[in-house]
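Novice: Residue-level listing of the chains:
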Amino acid sequence: MSKTSNRTLTLIHLYPDLLNLYGDRGNIITLRRRCEWRGITLQVHSASLGEKAAFDDADLVFMGGGSDREQTLLFQDFQQHKGPALVEAAEGGLPLLSVCGGYQLLGLYYRTHTGEEMPGLGLFDAWTEAGSTRLIGNVVAQAPLLGEQATLVGFENHSGRTFLGSRGGIQPLAQVTAGFGNNGDDQGEGAVYKNAVGTYLHGPVLPKNPALADWLLSKALERRYGGGSLSTLQDTWENRAHLSVAQRFGKK
Amino acid sequence: MLSPRLLAGLWMGKTAIWLNRRFGHGGTSFPGGIGRRVAPQILTALARQLKRGAMVVTGTNGKTTTSKMLAAIVEKSSLTLTHNRAGANLVGGITTAFIDSATIGGSITSDLGIIEVDEATIPQLVREVQPKGVVVTNFFRDQLDRFGELDKTVSLVGEALRLLPVQSIAVLNADDPLVASLGKDFPGRVLYFGIDDRSYGAREMLQSAETRFCRLCGHPLTYDWFFFGQLGHYRCSHCGFERPEPKIKVTGIQLKGEEGSAFTVETPRGTWQLELSTPGFYNIYNALAAIASAIRLDLPEKAIRAGLQGYRTNFGRMERIELEDGRRAFLALIKNPTGCDEVIRTLVQNRGPKRLLVIINDNAADGRDISWLWDADFESLEPVYPELRSVFTSGLRGEDMALRLNYTGIPAESIRYEANVESAIRSALEMTEPGETLYILPTYTALLESKAALTRLGHSPHYWEE
Ligand SMILES: [Zn+2]
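Chains A and B supply the protein sequences, listed in that same order.
full-length UniProt numbering numbers the first residue of the first sequence as 1 and each following residue consecutively.
full-length UniProt numbering numbers the first residue of the second sequence as 1 and each following residue consecutively.
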């Protein structure tokens with residue numbers, strides 16, 4: 001299994017101490033193992049409040065979700081310091097995975113119940129409106145980005161409703177067949193813009209969706225090493241856990 | 001005496017309890033629910049007859065254990081009590097316990113009430129019962145899909161405390177900043193408990209910490225010491241909020257693995273050396289909460305000592321199952337990262353060949369969202385990998401669990417999954433050899449299934465009878 005290549009990738013984990021709801025650290029664990037199993041070294045740098053993030057040298061960025069209080073805490077820091085540089089890097093093709101709150105922060109704005117608009121970073125041509133109920137439950141979705149018949153599975157828990165525009169060819173990451181997705185209305189789940197992905201899926205999303213993990217890693221390798229393949233892994237439990245959700249909760 | 005309407009509610013409830021026992025279905029909250037539909041005031045009418053009032057226990061982890069430890073102390077004090085033992089901690093189940101404990105004429109003859117209550121139910125309960133005190137053990141993320149966010153839960157409990165009658169007292173965990181912050185704006189009396197001994201824990205943050213931020217001003221807290229999760233010795237350098245000096249504190253701890261622990265506790269009534277038969281560091285917090293409540297209720301030291309020493313592990317909280325031929329099995333409920341981490345820590349402390357069976361369900365009572373499996377620190381099993389003879393998973397989400405363990409570094413091919421809980425337990429027991437220990441770690445509904453399966457397989461410990 002261990003090909004002796006000396007490939008190294010660097011991941012920046014944004015606000016790991018604040019944005020850590022619903023098992024999202026599982027995404028980091030997954031990326032780390034999937035690199036390790038292929039002889040790739042994954043260096044993980046965390047960047048929280050007041051810390052610098054060198055996106056120029058990074059190959060991947062991860063940003064999770066937090067509670068309202070935690071998101072308020074980091075809002076200024078993100079707006080003023082890390083956010084603009086992150087947007088610039090992502091416009092240049094830096095692969096990025098943002099989940100739930102992180103996904104919302106990268107949109108145009110978040111409109112609260114009282115009509116106030118909290119501006120986002122505007123990487124995604126997407127906006128979020130506060131909803132009156134939480135959208136909670138298992139999700140099964142079609143994700144052609146990851147392969148012809150590929151599905152995406154996970155668990156969502158959000159009250160914001162996100163809507164996508166069309167700037168820059170932004171697309172939903174997947175089309176839900178069970179669950180709510182972005183807004184419970186148009187079947188869209190998440191967003192893909194260049195190599196940046198936003199999603200509402202916890203679970204966490206990467207362990208049970210190895211195709212998405214590998215999509216991010218391939219993009220990272222492409223940028224860093226101008227290609228270079230990812231060897232195939234057995235993915236025994238990855239696939240079984242994925243299938244168990246798809247079969248149990250997916251519409252027949 | 002009760003009004004005709006209340007009596008009608010009581011009798012309806014009693015009939016439902018009888019039917020329940022006779023035919024074995026309907027659930028523990030159903031009789032109380034019926035009684036309340038007929039007579040909405042029934043819980044208030046019954047609870048107000050308690051001679052020495054009621055103590056209420058809430059919090060994320062340890063409320064069942066704490067209230068049972070307290071019940072053991074009360075019993076050693078030769079007092080009678082009404083207690084929702086079955087762990088039905090919503091208002092229906094609590095009402096059932098009171099209906100069951102009342103005479104046919106509607107009198108409650110118990111001295112004391114001990115009520116374990118779900119965090120979401122506590123404001124209503126305080127309104128109806130007007131307890132003598134409320135114990136808050138800790139706040140961790142648990143079944144988030146049911147409550148929304150932790151902040152809301154904490155605020156809800158704070159709101160309930162403000163509804164307490166003036167002579168009531170709040171018994172709060174000083175080491176949990178989320179709990180202790182409730183004491184800040186509480187106008188009544190507060191009794192804090194905490195652990196001073198730093199022989200356990202770490203100067204650095206451990207895994208699956210909940211929140212390190214000051215609930216009062218939002219700035220990061222500074223910690224001198226962490227026990228687990230966000231529990232420790234902390235202060236906020238921004239607004240000055242800090243760990244309150246506990247009146248009831250543990251100053252010396254000796255952990256004795258599966259045998260339990262011994263510790264020194266300083267109280268306003270003197271310094272005591274106590275023994276606890278229930279293993280796990282976190283159970284010292286539960287014991288402390290029970291001791292604080294007992295002190296509030298003026299129960300004698302002798303009863304506190306005897307109650308804690310005699311108290312056996314609660315249902316599913318690291319229970320020992322007797323097997324023949326020098327084989328051993330332990331059963332421990334896991335339901336959220338912090339509790340799970342503590343179970344893993346106890347498991348790792350015990351050396352020797354072992355086998356592991358983790359059973360994960362995602363029924364409503366378990367929490368539908370199982371992403372907490374990735375917040376739990378299964379990586380800390382690593383030191384016992386050489387001792388781990390086999391690894392099984394089972395339950396509705398057993399494949400997810402297999403995946404989780406695979407990513408801690410256990411090879412995919414050495415993990416065995418059996419969907420059916422009983423056959424998984426049977427296989428694991430069959431493989432367990434003399435001198436080996438089997439650890440069974442189920443979620444809540446999986447624990448119920450495991451218990452039934454173990455009974456069918458002839459391994460039912462007596463202290464399961466409640
Ligand atoms: Zn503060």
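Since the hints were made in silico from the structure, they are not lab data.
Since the model is a prediction, treat every value here as computed from it, not as a measurement.
Beta carbons are placed, not taken as given, at the ideal position from N, Cα and C, and that holds for glycine.
Careful, some of the hints might be misleading.
[Claimed, not checked] Only part of the chain B face toward chain A is listed, based on derived beta-carbon distances under 8 Å:
1. PHE213
2. LEU216
3. ARG368
4. ASP400
Novice: If a hint holds in the structure, say so; if it doesn't, say that too.
Specialist: Okay, the hints, checked on the actual structure:
The interface hint given for B:PHE213 is met, as the beta carbon of that residue sits about 7 Å from the closest beta carbon of chain A, less than 8 Å. The criterion of a C-beta within 8 Å of any C-beta in chain A is not met by B:LEU216, whose closest approach is roughly 12 Å, and the hint is violated. With a cut of 8 Å, the hint placing B:ARG368 at the interface with chain A holds, because the nearest CB-to-CB distance is about 7 Å. A distance limit of 8 Å between C-beta atoms decides the matter here; for B:ASP400 the minimum to chain A is near 5 Å, and the interface restraint holds.
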